[in-house]
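Enquirer: Sequences listed follow chains A and B, in order. Under the working numbering, the letters of the first sequence match residues 158 to 342, in that order. Under the working numbering, the letters of the second sequence match residues 37 to 562, in that order.
Simulated from the structure, these hints should not be mistaken for lab results. Please read all numbers here as calculations on a predicted model, not as lab measurements. Misleading hints may appear alongside valid ones.
Subject to a maximum C-alpha distance of 30 Å in a straight line, what follows is the list of computed DSBU-like cross-link-like pairs (lysine-lysine) [what the hints assert, rightly or not]:
(1) B:K280 x B:K64
(2) B:K226 x A:K202
(3) B:K217 x A:K203
Not the full set, but computed from the structure, chain A residues with beta-carbon under 7 Å of chain B [said to hold, decoys possible]:
(4) P222
(5) S241
(6) T244
(7) F245
Beta carbons are placed, not taken as given, at the ideal position from N, Cα and C, and that holds for glycine.
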Amino acid sequence: MKKVHPAVVGAQPFQLAEHRPVERLFEDAEGRDRLEKSLSRYPEKKGALLPMLAYAQERNGWLSPEAMEEIAEALDLTPAYVRSVATFYTMYAKRPVGRYWIQVCTCISCHVNRGEEVFESFLEHTGTRAGEVSEDGRYTVIEAECLGACGFATVVQVNDRYFENVTPETVPEVLAQLEPGEPEA
Amino acid sequence: MSEPASETIRLTIDGVEVAVPKGTTVLKAAETAGIVVPHYCYHPGIPTRPAQCRMCLVEIEGQPKLQPSCVMTAGDGMNVVTQSEAAREARRSVIEFLLLNHPVDCPICDAAGQCMLQDYAYETGQLESRFQEAKLVLGRDRIADDILYFADRCILCTRCVRFMRDVAGDEALIVAQRGHKAYIDTFPGKDLDNEFRGNIVDVCPVGALVHEDFLFKARAWDMDSAPGVCPGCSNGCNIEIGAKENQVVRIKPRYNAEVNSYWMCDYGRKHLVMANRGARIDLPLIRRNGELEAVHWGEALTWLSERMPEGDGVAVVSPFESTESIAAFRALLARIGISGGGYRLARGDEAQLAGFPKLKLRAERAPNATAAELFGFREVESLPSIAAGATVIVAGDRLDDLPADFAGDAGFFAYLGSHLSEAARNADVILPITTFLEMEGTFINHEGRLQRFRQALVPPGVARPAWMVIRRLLSLLGDGADVLEAEAAFERAATETPGLAGIAWSAIGPKGVLVRTDGAAAPSAR
Numbered sequence: 158m159k160k161v162h163p164a165v166v167g168a169q170p171f172q173l174a175e176h177r178p179v180e181r182l183f184e185d186a187e188g189r190d191r192l193e194k195s196l197s198r199y200p201e202k203k204g205a206l207l208p209m210l211a212y213a214q215e216r217n218g219w220l221s222p223e224a225m226e227e228i229a230e231a232l233d234l235t236p237a238y239v240r241s242v243a244t245f246y247t248m249y250a251k252r253p254v255g256r257y258w259i260q261v262c263t264c265i266s267c268h269v270n271r272g273e274e275v276f277e278s279f280l281e282h283t284g285t286r287a288g289e290v291s292e293d294g295r296y297t298v299i300e301a302e303c304l305g306a307c308g309f310a311t312v313v314q315v316n317d318r319y320f321e322n323v324t325p326e327t328v329p330e331v332l333a334q335l336e337p338g339e340p341e342a
Numbered sequence: 037m038s039e040p041a042s043e044t045i046r047l048t049i050d051g052v053e054v055a056v057p058k059g060t061t062v063l064k065a066a067e068t069a070g071i072v073v074p075h076y077c078y079h080p081g082i083p084t085r086p087a088q089c090r091m092c093l094v095e096i097e098g099q100p101k102l103q104p105s106c107v108m109t110a111g112d113g114m115n116v117v118t119q120s121e122a123a124r125e126a127r128r129s130v131i132e133f134l135l136l137n138h139p140v141d142c143p144i145c146d147a148a149g150q151c152m153l154q155d156y157a158y159e160t161g162q163l164e165s166r167f168q169e170a171k172l173v174l175g176r177d178r179i180a181d182d183i184l185y186f187a188d189r190c191i192l193c194t195r196c197v198r199f200m201r202d203v204a205g206d207e208a209l210i211v212a213q214r215g216h217k218a219y220i221d222t223f224p225g226k227d228l229d230n231e232f233r234g235n236i237v238d239v240c241p242v243g244a245l246v247h248e249d250f251l252f253k254a255r256a257w258d259m260d261s262a263p264g265v266c267p268g269c270s271n272g273c274n275i276e277i278g279a280k281e282n283q284v285v286r287i288k289p290r291y292n293a294e295v296n297s298y299w300m301c302d303y304g305r306k307h308l309v310m311a312n313r314g315a316r317i318d319l320p321l322i323r324r325n326g327e328l329e330a331v332h333w334g335e336a337l338t339w340l341s342e343r344m345p346e347g348d349g350v351a352v353v354s355p356f357e358s359t360e361s362i363a364a365f366r367a368l369l370a371r372i373g374i375s376g377g378g379y380r381l382a383r384g385d386e387a388q389l390a391g392f393p394k395l396k397l398r399a400e401r402a403p404n405a406t407a408a409e410l411f412g413f414r415e416v417e418s419l420p421s422i423a424a425g426a427t428v429i430v431a432g433d434r435l436d437d438l439p440a441d442f443a444g445d446a447g448f449f450a451y452l453g454s455h456l457s458e459a460a461r462n463a464d465v466i467l468p469i470t471t472f473l474e475m476e477g478t479f480i481n482h483e484g485r486l487q488r489f490r491q492a493l494v495p496p497g498v499a500r501p502a503w504m505v506i507r508r509l510l511s512l513l514g515d516g517a518d519v520l521e522a523e524a525a526f527e528r529a530a531t532e533t534p535g536l537a538g539i540a541w542s543a544i545g546p547k548g549v550l551v552r553t554d555g556a557a558a559p560s561a562r
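Start from the sequences and build out the full structure, keeping to the hints where you can.
Expert: Shown next as structure tokens:
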């Protein structure tokens, strides 16, 4: 059995329970602390938008409309503006994702290295369609914008870990590494 | 050290030499020479210029790359070519990209005929697409209760987004997603509810944003259009009235730097929907043996001139009447000896357009209260109860909120109006007059700006402008000659109040002209 990289294990809070209610972000000491720290780093409140979106995703696993509204209020922005920023980036999940969030890069370098085929292969092996959570709640596969590892195309990011030089043929190997034990039928 | 404000620079555009103030953009400089540089994202009323559509690229001698003319400042001695091969090729490429996923559904698109994508695509002359793949389909969405968004037609110029953000001051509209999946949207569950949202439909250069009130109503080339003035409130926004088969189908703002810039509010747009209300009075009616009877104009006016009582009475005018009609009404009242006279004025909430201080939906929901004041009418909360035997003359006011027995036992009741309410049915004589849409005339707005409006519709039946009817009646009463044209009606009115003295009809330009209102109490002050 292969050793599993700790970053791949479904250990983030959102990955522990599938349909957990969305937590309010800035109502406890932790959230307020994160907000204040971020705000102190930027000349304008608006600057803290990306870190706060990342925090919301870290906390809830995805960016709910409620979280966007909460962030908008905290940063004196309109919810619509927060949404425009959040939807611009593929790294923010705008809907709940599975335990393994598989982001396949299909930008130029990965595209010429069969990135799209890798993406299709992931969909096939997980039995899902793009962006949807697999029936067992384990996988969500999306196409990602450039992951910045063009030297090792095709790059696939699973949760917080990169898998490099992935080809359509090695997709089952990647999936096998995600969780020890027998793959589910 | 102050730079002379009017420093002029000279440059050549397509071989035409133009002189413009320093700081003018190349695009604006070209406009002064009558050269239109194609553009999408640039809109003269929206302050931000992202130069993102790449449509206005022009060649400037000595510069290695094409330059976006909407942000490029014109320089002294510049030689600009808008029609060079490189510039034309760039535009052709932009159009080709814009049309990649565009459905080209012009036959069912409201914007067809008034579409900048259509115009420029035709101009570049590339009529076939080299794109072989399946088109991306994004669908459509409702972004306000009266505005639809057709994402496939959208070219993402972001005029609407920037109008909401930079002019309306309400960043509720955004570009969502990125790249080929990008579209315009609001926050989920939060449709646009800004009072000025309708303008996003007007700024849309294509048919992506359409107003439901106009959806599938008319083709652009089937409409007659007339310049008008919005009667919704006392701001006097300039509008363009689009009519088809004698029905108003579309209202668009018309540029006036002194009043409304390129914009208008949604109250004004909605208000005009009722312009098509039917059940009009289309024939003169006189009361014979207790019954109203339809007669022709000559008979009605002769009948009226013979029975017109002298002495004081109750007079009511509508602040929706034109200045000329109000003036004529005052002259009639003076002739028969009624002093005073009132008008009723509805009020509502105000709404200010953040980006243009002069445009405000004003509390006074009528276009011409200032003229009523100018001619000595005063605002009344409600009409006085009519004593038995009294004389009552009403011009324009619909009386539709009054009890059915209003003025039932008046001595003489004359009604000039467009719709027959229960209360108006008690009149002894009913004369059909036009609404402002069916006549030419003027309104005076809250700041005393006199503005002309033109006739947009054909009046129903034999309805005539109130000034024409009243002046004819006056001439039958031996007071002055007939007036058959708006110009003459205005000039007659101008002799009857010091406020309009010296203003020639021909001097009322497209921006209107300020009149002296010191004789009148400002309606908003009370």
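Enquirer: For a quick check of understanding: which of the numbered hints are violated here, in increasing order?
Expert: As far as the earlier hints go, only 1 is violated by this structure.
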